[in-house]
Amino acid sequence: MRVADLTAIGEAASSVGSVFIVDNTFPTPYLCRPAEFGAHMVVHSATKYIGGHGDMTAGVVAARADLLPALRLVARLTGATLSPFDAWLGLRGLRTLELRLVRQFANAMAVATALAAHPKVARVHYPGLPDHPHHALASSMFGDRGFGAMLAFEIRDGGVPDARLLLDALRLVLPAPTLGDVYSLAMHPASASHRGLTPEDRAKIGIGDGLIRLSIGIESASDLIDDLRQALDQLPSRD
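Basically this note's numbering = 1-based index in the sequence shown + 351.
Hints were generated in silico from the structure; no laboratory data involved. Careful: at least some of the hints might be erroneous.
Stated by the list, open to error - Estimated spans, in silico, between C-beta atoms of each pair:
{"hint": "1", "residue 1": "LEU523", "residue 2": "ASP406", "range": "18 to 28 Å"}
{"hint": "2", "residue 1": "LEU523", "residue 2": "ALA467", "range": "16 to 26 Å"}
{"hint": "3", "residue 1": "GLU362", "residue 2": "ALA438", "range": "27 to 37 Å"}
{"hint": "4", "residue 1": "ILE372", "residue 2": "PRO484", "range": "16 to 26 Å"}
{"hint": "5", "residue 1": "ALA473", "residue 2": "GLU362", "range": "12 to 22 Å"}
The model shown is predicted, which means the values in this text are computed figures rather than measured ones. Here a beta-carbon is modelled for each residue, glycine too, at the ideal position from N, C-alpha and C.
Between the sequences and the hints, there should be enough to build the whole structure, so can you do that?
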């Protein structure tokens, strides 16, 4: 879970006349507003946090005024028009966006802290933790609003069998290759989102066989921590 330095990227893009596009799905507009850091275009998978309930499919593009005609032409030619019902679901989601995110961000911090203390966890990747390499950058960009609801952790000396055992042992957290729902979700990137890469290529970008990604929801933080602990406790010890 790395944090991009949007100011530095924006300055680099401007110096060569490039269009600066940011996918802001993970932080959402509540946490980060890329246009304030020089982005010319911001995209969101509104299916995720904006909708918030896993029941719609939508995308959003916000852009500088001079870029809008080209975007509208593409939408017109490809028929990329949101259905009325999905539009309504998106508006419904926006009404509770802040309420959900405040809870999810607090839960994520609690879960990350608990996982970092578990003996079967080698490392937790969450920018809210002080030892994260981008903690200071995230603090400066996000202010006091939080650090997001996405995190990942590495099972100590874990491989694919351990990851599968852990996912099967979870009772409250649901195994699903998506994110941004009110329900907490777990995914094994090596066999899901990045299964098309070789182990060597995955290792280059920090995705090992024992890495688990979590999208934290609005459940009780203590319930989530208990569920993750009991699942981790079922993994074989390697003392």
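Outcome of the hint check:
no., hint, verdict
1, LEU523 / ASP406: 18 to 28 Å, "holds (20 Å)"
2, LEU523 / ALA467: 16 to 26 Å, "holds (20 Å)"
3, GLU362 / ALA438: 27 to 37 Å, "holds (36 Å)"
4, ILE372 / PRO484: 16 to 26 Å, "holds (24 Å)"
5, ALA473 / GLU362: 12 to 22 Å, "violated (36 Å)"
Hint 5 from the list above is the single one not met by this structure.
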